[in-house]
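So the protein lines, in turn, are chains A and B.
Each residue of the first sequence is one higher than the one before, starting from 1 at the first, in this note's numbering.
Each residue of the second sequence is one higher than the one before, starting from 1 at the first, in this note's numbering.
Hints may be right or wrong, so weigh each one.
Straight line, CA to CA, 25 Å or less: simulated DSS-like cross-link-like pairs of lysine-lysine [said to hold, decoys possible]: (1) B:LYS91 x A:LYS228; (2) A:LYS136 x A:LYS190; (3) A:LYS228 x B:LYS80; (4) A:LYS190 x A:LYS228; (5) B:LYS172 x A:LYS245; (6) B:LYS47 x B:LYS172; (7) A:LYS221 x A:LYS136; (8) B:LYS181 x B:LYS47; (9) B:LYS151 x A:LYS136; (10) B:LYS151 x B:LYS172; (11) A:LYS136 x A:LYS45; (12) A:LYS221 x A:LYS245; (13) B:LYS47 x B:LYS80; (14) B:LYS158 x B:LYS51; (15) B:LYS181 x B:LYS195; (16) A:LYS214 x B:LYS80; (17) B:LYS149 x B:LYS181; (18) B:LYS47 x B:LYS158; (19) B:LYS151 x B:LYS181; (20) B:LYS91 x A:LYS245; (21) B:LYS172 x B:LYS80; (22) A:LYS228 x B:LYS47; (23) B:LYS51 x B:LYS181; (24) B:LYS51 x A:LYS245; (25) B:LYS195 x B:LYS158; (26) A:LYS214 x A:LYS136; (27) A:LYS190 x A:LYS45; (28) B:LYS181 x A:LYS245; (29) B:LYS47 x A:LYS214; (30) B:LYS151 x B:LYS51.
Hint data in this document are derived by calculation from the structure and do not stem from the laboratory.
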Amino acid sequence: MKQPLALCPEQSALGTPFSLRASAAWCMVLMVWLLTACSSLPEIKPAGPDLQPNLRERCQSVFPAGPHQFVHSIEARLPDDSRSMALGIVTLDPGTGVIRCVIMTIEGFVFFDARYQQVVTVNRAMYPFDSPEFAKNMMEDIRFIFFQPGGALVATGVFDNDFPGCRWRNSDGLAVDVVLNQQRGWLIRKYDVSDHVSGQVRAYALNPEGIPEKIELSRQKFPSYTLKMTLLQAERLQQGDERLK
Amino acid sequence: MRRNRNIFLIPAILAVCLLLVGWSDSWEQIRRESAQVQSIQARFIQKKQMKILSRPLISEGRFFFQAPASVRWEYTAPVKSILLMHGGSLKRYIHSGGGFTEEAAGRLPAMEIVMQEMSAWLHGQFDQSRYFTATLVNDPAPRIILTPKEKSFARLIKRIELTPSEQPGVLKSILIVEDEKTTTLFEFRDAQVNKPIPESVFQAVQ
Numbered sequence: 001m002k003q004p005l006a007l008c009p010e011q012s013a014l015g016t017p018f019s020l021r022a023s024a025a026w027c028m029v030l031m032v033w034l035l036t037a038c039s040s041l042p043e044i045k046p047a048g049p050d051l052q053p054n055l056r057e058r059c060q061s062v063f064p065a066g067p068h069q070f071v072h073s074i075e076a077r078l079p080d081d082s083r084s085m086a087l088g089i090v091t092l093d094p095g096t097g098v099i100r101c102v103i104m105t106i107e108g109f110v111f112f113d114a115r116y117q118q119v120v121t122v123n124r125a126m127y128p129f130d131s132p133e134f135a136k137n138m139m140e141d142i143r144f145i146f147f148q149p150g151g152a153l154v155a156t157g158v159f160d161n162d163f164p165g166c167r168w169r170n171s172d173g174l175a176v177d178v179v180l181n182q183q184r185g186w187l188i189r190k191y192d193v194s195d196h197v198s199g200q201v202r203a204y205a206l207n208p209e210g211i212p213e214k215i216e217l218s219r220q221k222f223p224s225y226t227l228k229m230t231l232l233q234a235e236r237l238q239q240g241d242e243r244l245k
Numbered sequence: 001m002r003r004n005r006n007i008f009l010i011p012a013i014l015a016v017c018l019l020l021v022g023w024s025d026s027w028e029q030i031r032r033e034s035a036q037v038q039s040i041q042a043r044f045i046q047k048k049q050m051k052i053l054s055r056p057l058i059s060e061g062r063f064f065f066q067a068p069a070s071v072r073w074e075y076t077a078p079v080k081s082i083l084l085m086h087g088g089s090l091k092r093y094i095h096s097g098g099g100f101t102e103e104a105a106g107r108l109p110a111m112e113i114v115m116q117e118m119s120a121w122l123h124g125q126f127d128q129s130r131y132f133t134a135t136l137v138n139d140p141a142p143r144i145i146l147t148p149k150e151k152s153f154a155r156l157i158k159r160i161e162l163t164p165s166e167q168p169g170v171l172k173s174i175l176i177v178e179d180e181k182t183t184t185l186f187e188f189r190d191a192q193v194n195k196p197i198p199e200s201v202f203q204a205v206q
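This is chain A alone, in the form it adopts within the complex (with noise of 0.2 Å):
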């Protein structure tokens, strides 16, 4: 059985929105097929000749080509749908791995300040995030978000949704799916070692530059989150820039 490309129609870029009981009585159903469901990848046919000869650079698109820096309004949401605000800034270079993250509070009170190039730096992090964990889970999904998914990318064409789309899949057999929606935004979806879904990023709301305005990710894994970015500010840098160090 096939994995559908949208867990929940209301929260994706790419389905139509239903009303909210149909919604919610969707993804119940969707719930328990999932937990009963065996699962295994979304199916990826071959595009047609129009879309085909260019999929991989639109996928690699969808990640920042050279140094960046964005300044996003973040909404945390937790299981117990409790949720905080905060201001977060990423300078990063995709050529080199570097990460610089700084995370603060409206008032502009910094709590976590980290760099990563190949091990993580923690600058400051004030309790409760203050531990390795959420350094370590942070530049993943920093990496998650705007680095081209490692290993190597071993299809491209259309989902069963008829959106077009590539997957990469790395050493240890992990796959990740960027999935296109024409000019509206993308999806990337990480995998497990059982091929669940780990995580979802939702980008959309382009500006003109093609940087998404919105961008949602979800982890699925415990301890599961969601996270609302609203862009502030987004500035392309020069290599070498002082801001990476």
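Given the structure of chain A, go ahead and fit chain B onto it with the hints provided.
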């Protein structure tokens, strides 16, 4: 519980700073003028400057203060958020899905700092502050410099500079210096002193 207060450090400091609404060039005059201010409301612009930022991160909002200890600290852009302090409780609301929702962290305690500082500073008794040493500086312009007493605070904030406006009882700015390259500047404008403020302003988000 003690460690959780860090997240609320800035809201707590801002709330306390709002109590420093009446001052001049001597502690005695500050004490006298403090007693005259019962309420204040103003708009503010917040400018966050960091080495990692090429230009300051700007936020806007407005605040209301009513003696003895009611505060509404509201951001209107780019992120909508409201901090309400009234009757001994502190809550923060964030704008989400078309309405305001109470923030989870808003339930964490921060009142310990705020209330201890308020009771002393409201009466101009800066020498009784547990957390800050206050210095009155008149050169080149009048300012109050607040320096953390505790090492744990000093690691987070080097100093706070409060600058009065020419309007009696009104702050021109609050500068929070985390280090020399990381600062948060709050600039106030359109201030109104002792204009009646409905109690609902401190109780409801709308």
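Note to self: Can you confirm whether the C-alpha distance between LYS158 of chain B and LYS51 of chain B stays at or below 25 Å?
What the structure shows: Holds: LYS158 of chain B and LYS51 of chain B sit about 16 Å apart, inside 25 Å.
Check: Hey, LYS91 of chain B versus LYS228 of chain A, does the alpha-carbon distance stay inside 25 Å?
Finding: Within the cut-off at roughly 21 Å; holds.
Notebook entry, point to check: LYS51 of chain B and LYS181 of chain B: Cα distance at most 25 Å?
Noted result: holds (6 Å)
Next item on the list: Take the C-alpha atoms of LYS181 of chain B and LYS245 of chain A, compute the straight-line distance between them, and say whether it is at most 25 Å.
Entry: The given pair, whose Cα atoms are some 15 Å apart, holds under the 25 Å limit.
Margin query: Next pair to validate is LYS151 of chain B with LYS172 of chain B; report whether the Cα-Cα distance is within 25 Å.
Written below: Roughly 28 Å between the alpha carbons, so the hint for LYS151 of chain B and LYS172 of chain B is violated.
Notebook entry, point to check: Straight-line Cα separation of LYS47 of chain B and LYS158 of chain B no greater than 25 Å?
Noted result: holds (17 Å)
Checklist line | Pair hint outcome, LYS190 of chain A versus LYS45 of chain A [Cα-Cα no greater than 25 Å] | finding: holds (19 Å)
Notebook entry, point to check: Between LYS47 of chain B and LYS80 of chain B, does the CA-CA distance stay at or below 25 Å?
Noted result: The hint holds at about 16 Å.
Checklist line | Straight-line alpha-carbon gap LYS214 of chain A to LYS136 of chain A, limit 25 Å | finding: holds (23 Å)
Check: Within 25 Å, alpha carbon to alpha carbon, are LYS181 of chain B and LYS47 of chain B?
Finding: holds (13 Å)
Next item on the list: Would you mind confirming whether the straight-line C-alpha gap from LYS47 of chain B to LYS214 of chain A stays at or under 25 Å?
Entry: Holds. LYS47 of chain B to LYS214 of chain A sits at ~23 Å (cutoff 25 Å).
Check: Is the straight-line distance between the alpha-carbon of LYS47 of chain B and that of LYS172 of chain B 25 Å or less?
Finding: Within the cut-off at roughly 14 Å; holds.
When the structure is compared with the earlier hints, violations turn up for hints 5, 9, 10, 11, 12, 15, 20, 25 and for no others.
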